[in-house]
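Colleague: Chain residues, written in single-letter form:
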Amino acid sequence: MMKESKFNVHKMTVLSILTAGAIVIGILESLIPSIGIPGVKLGLSNIVILVVLYELGIWEALLVSLSRVLIVSLVRGTFLSMGFVMSLSGALLSLGIMILFFLLIRKFSIIGVSVIGALFHVFGQIGVAMIYLSTAYVLYYLPIIALSAIITGVIVGVSAQLIINTKVISKQKEKYKF
Amino acid sequence: MDKKKLRNDLFLIIPLLLAAVVALIILLTRKTNQPLVAKVYVSDAIVETIDLSDKTERDYTIKGKNGELVIHVHDGKIKVSKSNCPHQDCVNQGEVSDINHPIICAYNEVYIVINGQANHDAEI
Amino acid sequence: MKKIIFPLLCCFSLASCAKTETVFEGNFQSLFDTNVSVRIYQGSDENIQELKGILSTFSKETDNYLETDVPGVYTLNQSNNPVTVSSNLYKCLQKGDEISKSLDSYFSICLGSLSKLWKEKLPNGTIPTTDEINSELLKFQNTSITFAENNQVTRNGESEIDLGGIAKGYAIDMCANYFKEKQITQYIVDTTSSILLGEKPSEDGNYIIKIKALQNSFIKAKNICVSTSSIEHQLYVVDGKRYSHIISPETGQAAFINDTCIVLSESGTLGDALATSMMLMSLPEIISMEEEFNVKAIVIRDSKVIYQNEDINIFHG
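Chains A, B and C, in that order, are what the protein sequence lines are. In terms of the numbering used here, the first sequence opens at residue 294 and continues consecutively. In terms of the numbering used here, the second sequence opens at residue 6 and continues consecutively. In terms of the numbering used here, the third sequence opens at residue 10 and continues consecutively.
Calculated directly from the structure, the hints in this document are not laboratory data. None of the values given here were measured: they were computed from a predicted structure. We put the CB at the ideal spot given by N, CA and C, even for glycine. Treat the hints with caution; some may be incorrect.
DSS-like mimics (lysine-lysine), calculated; alpha carbons at most 27 Å apart, straight line [unchecked claim]:
| id | chain 1 | residue 1 | chain 2 | residue 2 |
| --- | --- | --- | --- | --- |
| 1 | B | Lys44 | C | Lys219 |
| 2 | B | Lys60 | C | Lys221 |
| 3 | C | Lys219 | B | Lys60 |
Some chain A residues close to chain B (C-beta under 8 Å, calculated; not the full set) [claimed, not checked]:
| id | residue |
| --- | --- |
| 4 | Pro326 |
| 5 | Lys400 |
| 6 | Phe401 |
| 7 | Gly405 |
| 8 | Met423 |
| 9 | Leu426 |
| 10 | Thr428 |
Based on the sequences and whatever the hints tell you, model everything.
Modeller: Structure (structure tokens):
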């Protein structure tokens, strides 16, 4: 009989693999130079976050997201720097709004949720940049960065949906009951 | 895929896209006929005002928060030619010459912003 | 889709409609070849033309008495006999004479002979000799102006009249009277060294005046005259020494202690004269002038503010 507890080895394994994926994407992404303000990234690891959110739950998504931010910054050596805080605020804001849309505002598909998540990710990053640099001049870059975020958001959303469609995780859920 | 939800998506995404594009267009088409001047800020104080209508080639060394950078001005264009920042984002910005493109070196908290010169009513 | 796009587009087009403001401008040469710039936010273009007319009439009236090669210096009358001038010129001379008497050792409108002397020598890289200075100084000391009825003035003595120190100030006072008459309250008349400020159609009504002698600095003011005297207007260097266009009535020298003096006053004529005089004054003297004439000053040396009235704020950026 399977243990009836919150801790499920199989779930943990799946989460770990997904987190690793998010981290790898995060590291590769950090190699792409950002426009104008350092630290503003594309947000491709949101593919993983979205999949986790839709397939595994809110707290799980939070766990994966925070782990991603933490470990990527440790690997890149930017822990506790401005870039780290930007990333953290972006991730939290983005996840927050996605949870809102996912739970309460059920009118949009995963693509819409992804786009709004990407946008808030960028808002979080630029907001922190503005505070750290104490200047509003950072806003000059907002239109172009927002534009790229929206486009990336669509791509990320579509990709996430495709992954969900493969039912890889759903099958694992069914099999190991988590 | 739920067709209704997809349609709702469009209602969300398209206005956002339009807003970003319009903002971008407004930003990029901002023009001024006034002679341009570049103001160099370190944190929030102006340390240097560079007259861009003066076409002579010259360099300015600016002491930023964590190091130094060198600004090169030539023919009404300004760029950061050298900086000790790790990512070199400011150097990679290249040359800018209009009011829509500030150069930001976050590491050194140096911002170069180009404005039109006259926001005063008279000069004495 | 159409339901969202149309209102959105409406919002954007509304937002991009710039606010247009009523303004009438005029730029013309007047008063010893100074560029005068006038801006009014009320009335009509006619007002600008009328003002231009007033200033050009005054210019022409004074030109009648002009020495041939020295702008601002007038002989008035060749033979110490009374001459009838226009009413504006009469008032200008009266005001100038009054101020000269108050500012005694710092300012006088009778310094024409000395002005001429220095204006001949300095552009050629020379300075007058002590004898030359003393001879002209004597002429000045023996010169006075008497006023009689019917706009009659007599210059007594051999020194000419130099209106350079008050003419622009007087001119902007004329403008102020004109605006008062026409009930125009939002205006600015800029002759660079004398600026007349009414109110600006902005939130606080203040005009922003940039100070060239300082870096990135400006003051905000309204309903006041801003007079400036600065070595930047005219500076000569002879044998390593700096000379300005300001003559000391005491020594006859083209001296100056301060680099730039800015005076905020109700009267343009007074402000103009004071700004010129303060170039020769020490700080305590300047402060007592502020009190005596109820004006506010800023004094600059070596591109640094060495004194500013406590009611004045100098902004940066």
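Colleague: All hints are to be evaluated individually against the structure, with a verdict given for each.
Modeller: Taking the hints in turn, this is what the structure says about them:
1. B:Lys44 with C:Lys219: 16 Å, holds
2. B:Lys60 with C:Lys221: 21 Å, holds
3. C:Lys219 with B:Lys60: It holds: about 24 Å lies between the C-alpha atoms, which stays within 27 Å.
4. Pro326: 7 Å, holds
5. Lys400: 5 Å, holds
6. Phe401: Check passed: Cβ of Phe401 of chain A comes within 5 Å of chain B, closer than 8 Å.
7. Gly405: With a closest approach of 4 Å, the Gly405 of chain A hint holds.
8. Met423: Hint on Met423 of chain A: violated, closest Cβ of chain B at ~11 Å, above 8 Å.
9. Leu426: Cβ of Leu426 of chain A sits 6 Å from chain B, so the hint holds.
10. Thr428: Holds. Min distance 6 Å.
Hint compliance for this structure: hint 8 alone is broken.
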